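Q: One letter stands for each residue in the lines below.
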Amino acid sequence: MHELSMADAIIKTVIDAAEKNNAIEVLEVTIEIGELTLLNPEQIKFILEVLSEDTILEGAKFDIEIIPAKIECSCGYEGGVASDDGLDHYNPIISCPSCGKGDFKIIDGRECNIKNIKIEKEE
Amino acid sequence: MHKIAEVEVQNDILIANKKLAKRNQRILDRAGVFAIDFLGAVGSGKTTLIEKLIERMDYSIGVIAGDIISKFDAERVKRYNIPVVGLNTGKECHLDAHLVEHGLEDLPLDKIDLLFIENVGNLICPVDFDLGSHMRIVIISATEGDDTVQKHPLIFKEADLVIINKVDLANAVGADINKMVEDVSSINPHVKVIKTSLKNDEGIEDVIEAILEAM
Ligand SMILES: Nc1nc2c(ncn2[C@@H]2O[C@H](COP(=O)(O)OP(=O)(O)OP(=O)(O)O)[C@@H](O)[C@H]2O)c(=O)[nH]1
Ligand SMILES: [Mg+2]
Ligand SMILES: [Zn+2]
Ligand SMILES: [Zn+2]
Ligand SMILES: [Zn+2]
Ligand SMILES: [Zn+2]
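Line by line, the protein sequences give chains A and B. So in this note's numbering the end of the first sequence lands on 123, straight run, no missing numbers. So in this note's numbering the end of the second sequence lands on 1215, straight run, no missing numbers.
Do not take every clue at face value.
[What the hints assert, rightly or not] List time: in silico DSSO-like cross-link candidates among lysine-lysine, alpha-carbon distance up to 27 Å: (1) A/Lys115 with A/Lys12; (2) A/Lys61 with A/Lys45; (3) A/Lys101 with B/Lys1151; (4) B/Lys1019 with A/Lys115; (5) A/Lys118 with A/Lys45; (6) A/Lys12 with B/Lys1003; (7) A/Lys70 with A/Lys101; (8) B/Lys1179 with A/Lys105; (9) B/Lys1111 with B/Lys1078; (10) B/Lys1192 with A/Lys70; (11) A/Lys105 with B/Lys1151; (12) A/Lys105 with B/Lys1019; (13) B/Lys1192 with B/Lys1022; (14) A/Lys20 with B/Lys1018; (15) A/Lys115 with A/Lys20; (16) B/Lys1195 with B/Lys1157; (17) A/Lys115 with B/Lys1022; (18) A/Lys20 with A/Lys45; (19) A/Lys121 with B/Lys1003; (20) A/Lys20 with B/Lys1019; (21) A/Lys70 with B/Lys1019; (22) B/Lys1157 with B/Lys1018.
If you're looking for bench data, these hints aren't it; they were derived computationally from the structure. It should be emphasised that the depicted structure is a prediction, and the values quoted were computed from it without experimental measurement.
Input sequences plus hints: build the corresponding full structure.
A: Pasting the structure below:
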């Protein structure tokens, strides 16, 4: 699974942002993960914690916010989707809740965004 | 004194990959190369299809073969005496735009019209990673079971062409090929679905026609 490389990219981005802001420590990291990405948030979180060791992020709290899927269907429906929730996160079986078909565009739900970080810095 | 500060980052890793993919596509466009990404489960027939296309298509073709640790697929294609780059993804289960950019650096792009990129055999992970190709071909086979489409809907949503291979084995494994076609159409009503038996050279001409149409 590519959670490892994603976590690695997240850590690098956070370190970069923290250094630019003269942080001496990163306390919190908020990450948004789309419901339709094929990423497992639990795995990501675990790997982030491991990779943080011996970096400016060591001990930081990782908040993962799940961004719900949003679609725009050819039948006119716009909104959330019917997924077999909780069953299999990386393989959401999705169909339009209004017409039951699959002819739609995905608007939200494919993010892996580092939203913000909370840092400690020298005054 | 120490103070706590909140810093906006707003940096999306997947969007970063998309940007790199766009850059790859610009590089390809500038060199006049049409690139196709081949996706599918392990053993579905990606390399076999690429070989058959090389034999039949009168274009100068280059290949990027993504493999987890081996170079087997790259070696198979090399015997055609065409430019081939084997990209070793290490532990990775997918190619990403950055790796492909390195592959492009190692190819004589101005001498190539058509670039085939074989992704790592996997119906899950490659979905999130655009490579910058102009066409995505998903190839599945009867032997994976006829519920494979329903199990992996997203990859079919992103496909420009879907191939259902190994129809010669459908009866032996009790797979209902028409159900597979219907499942694809319900997920992506606009995508063309072609049934093939690469072993018996069935359906390859239809695949070539679909590629020529897209070029
Ligand atoms: N019976 C039958 N066998 C096929 C067909 N197409 C491919 N094969 C065989 O299936 C096996 C796997 O084919 P490959 O082309 O190597 O599959 P691949 O998708 O490249 O596999 P990986 O790169 O390992 O993911 C080979 O032994 C092929 O000869 C087909 O239509 N019918
Ligand atoms: Mg192969
Ligand atoms: Zn993976
Ligand atoms: Zn992956
Ligand atoms: Zn609908
Ligand atoms: Zn590099």
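Q: Would you pick out the hints that fail for this structure and give their numbers low to high?
A: none
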